[in-house]
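Number of protein chains: 2
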Amino acid sequence: MVSSSKGATPPIEVGNAADWRRLEPTKLTPILSASLDAFYEHGFHGTSVRDIARRVGVTVPALYYHHENKEAVLLALLELSTSDVLERAHAASADGGDDPVQRLANVIEAIVLRMTMRSRLAALESEVRYLSPENRQRYRTVRKGVEELVLEIVKEGKKRELFDVADAAETTRALLGMCQSIPRWYHAEGKLTPDAVARKYVEIAMKTVGSTELPVKPKKRRTADV
Amino acid sequence: MVSSSKGATPPIEVGNAADWRRLEPTKLTPILSASLDAFYEHGFHGTSVRDIARRVGVTVPALYYHHENKEAVLLALLELSTSDVLERAHAASADGGDDPVQRLANVIEAIVLRMTMRSRLAALESEVRYLSPENRQRYRTVRKGVEELVLEIVKEGKKRELFDVADAAETTRALLGMCQSIPRWYHAEGKLTPDAVARKYVEIAMKTVGSTELPVKPKKRRTADV
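Here the protein sequences come in this chain order: A and B.
So in full-length UniProt numbering, spot 55 of the first sequence is number 55, and the numbers just go up one at a time.
So in full-length UniProt numbering, spot 29 of the second sequence is number 29, and the numbers just go up one at a time.
Think of the hints as simulated: they come from the structure by calculation, not from any bench.
A quick note: this is a predicted structure, and the numbers were derived from the prediction, not measured.
Take the hints with a grain of salt, since some may be wrong.
Here are the in silico distance ranges between beta carbons for each label pair [stated by the list, open to error]:
| no. | chain 1 | residue 1 | chain 2 | residue 2 | range |
| --- | --- | --- | --- | --- | --- |
| 1 | A | G97 | B | D37 | 47 to 53 Å |
| 2 | B | E24 | A | E24 | 27 to 33 Å |
| 3 | B | R22 | A | P25 | 47 to 53 Å |
DSS-like mimics (lysine-lysine), calculated; alpha carbons at most 25 Å apart, straight line [claimed, not checked]:
| no. | chain 1 | residue 1 | chain 2 | residue 2 |
| --- | --- | --- | --- | --- |
| 4 | B | K191 | A | K200 |
| 5 | B | K144 | A | K191 |
| 6 | B | K200 | A | K158 |
| 7 | B | K144 | A | K144 |
| 8 | B | K191 | B | K155 |
| 9 | A | K155 | B | K144 |
| 10 | B | K191 | A | K191 |
| 11 | A | K159 | B | K155 |
| 12 | B | K158 | A | K191 |
| 13 | A | K207 | B | K27 |
| 14 | B | K207 | A | K200 |
Chain A stretches covered by chain B per the calculated footprint, using a threshold of three residues with CB under 8 Å from any CB of chain B [said to hold, decoys possible]:
| no. | segment |
| --- | --- |
| 15 | 55-66 |
| 16 | 110-116 |
| 17 | 157-168 |
| 18 | 178-186 |
Even for Gly, the Cβ is constructed at its ideal location relative to N, Cα and C.
I would like the entire structure built from these sequences, with the hints used as guidance.
Shown next as structure tokens:
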């Protein structure tokens, strides 16, 4: 297995998960930032280590000092992205207390905010299939965390007869699927703000789980970057 | 603008849309079939025209005789895939007569069958962003057809008070998003048959639009390939 980064890489800050509604600009290292641009524009296979080094303005050996290889860079970005959403989703769920309706609404809101405000990072998911089987597995374990959280909430809501779902697992996948598809069409320059998209998706998600109750309206939040 | 194929390309058969539940193996030309494999395995940018020629066992000039360049091959595959789903979706909708509930159920079923039974072709959508702006636009026009069809049904159902949706356009995107995410997790070798996935997604879609009525159970259909 390839490790995603070596010792000397500066720490990566992805914002304060406790304040899950607030998304500050992602602080990526120069190498990760340049790699994200390159992968987004040309895909994983269309990007060479040399391309990344040129963008950052470092030598190829300098790049290898921080990351074992190109796949390790992709994995680092994917893990960073997924860990961020996982932490925010957990904070959002906790913020909903014991109420499955509010917890689900918060988690959907957190996921949609990430999809709209960090859309390039979110779009990177289509490159996952180029990871080696071990790294794909490693990445999926993190991503699975989001699915497990949503599934647990859906099941709890069903148990308390707040939700009306036939198949909790499939409904969970459908909910995540609708959110994951947002980067396909969402453009930061478009009419819809991240807040507006989040509001709409919370409403649609409540329908999808057949919720008998409605969550409280989300508070206003500050809009940050990508 | 690059044309997707030149005169001499053999006609491509994608099945009989009228019998929308039946998906025969996609009949691709050897070049398109090899390209689909290569793009799926290594991505658009990770595949060279030489790679494709080698897989087919033809010379590079022979390949250029049929397709102007690599992008034209990708566009041909995407258009083929999207036209197929568009035709099937329209046939499925027509099969539901005048009833928005049955029409939506049929269209979701048709889309899910395509996502599960032609998953490699469906997964190619993540390569769309590598098309030139003109070709991306051309492709989007075809894909827009599916969205317009679903939107029209959702609006009609809302008008007749059969569906309870706040935002028909966003609900349509959410419905398509949940279907489009299926290739991320669906494996033909897994426990769920395409029929079973389609049944579950029809049920979830009915919830999502807040349908007051349920569609009739789909008929058994024959399972084909990828």
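Results of checking the hints against the structure:
no. : hint                      : verdict
1   : A:G97 / B:D37: 47 to 53 Å : holds, 50 Å
2   : B:E24 / A:E24: 27 to 33 Å : violated, 52 Å
3   : B:R22 / A:P25: 47 to 53 Å : holds, 51 Å
4   : B:K191 / A:K200           : violated, 33 Å
5   : B:K144 / A:K191           : holds, 19 Å
6   : B:K200 / A:K158           : holds, 17 Å
7   : B:K144 / A:K144           : violated, 32 Å
8   : B:K191 / B:K155           : violated, 35 Å
9   : A:K155 / B:K144           : violated, 35 Å
10  : B:K191 / A:K191           : violated, 42 Å
11  : A:K159 / B:K155           : violated, 33 Å
12  : B:K158 / A:K191           : holds, 24 Å
13  : A:K207 / B:K27            : violated, 40 Å
14  : B:K207 / A:K200           : holds, 16 Å
15  : 55-66                     : violated (count 0)
16  : 110-116                   : violated (count 0)
17  : 157-168                   : holds (count 4)
18  : 178-186                   : holds (count 7)
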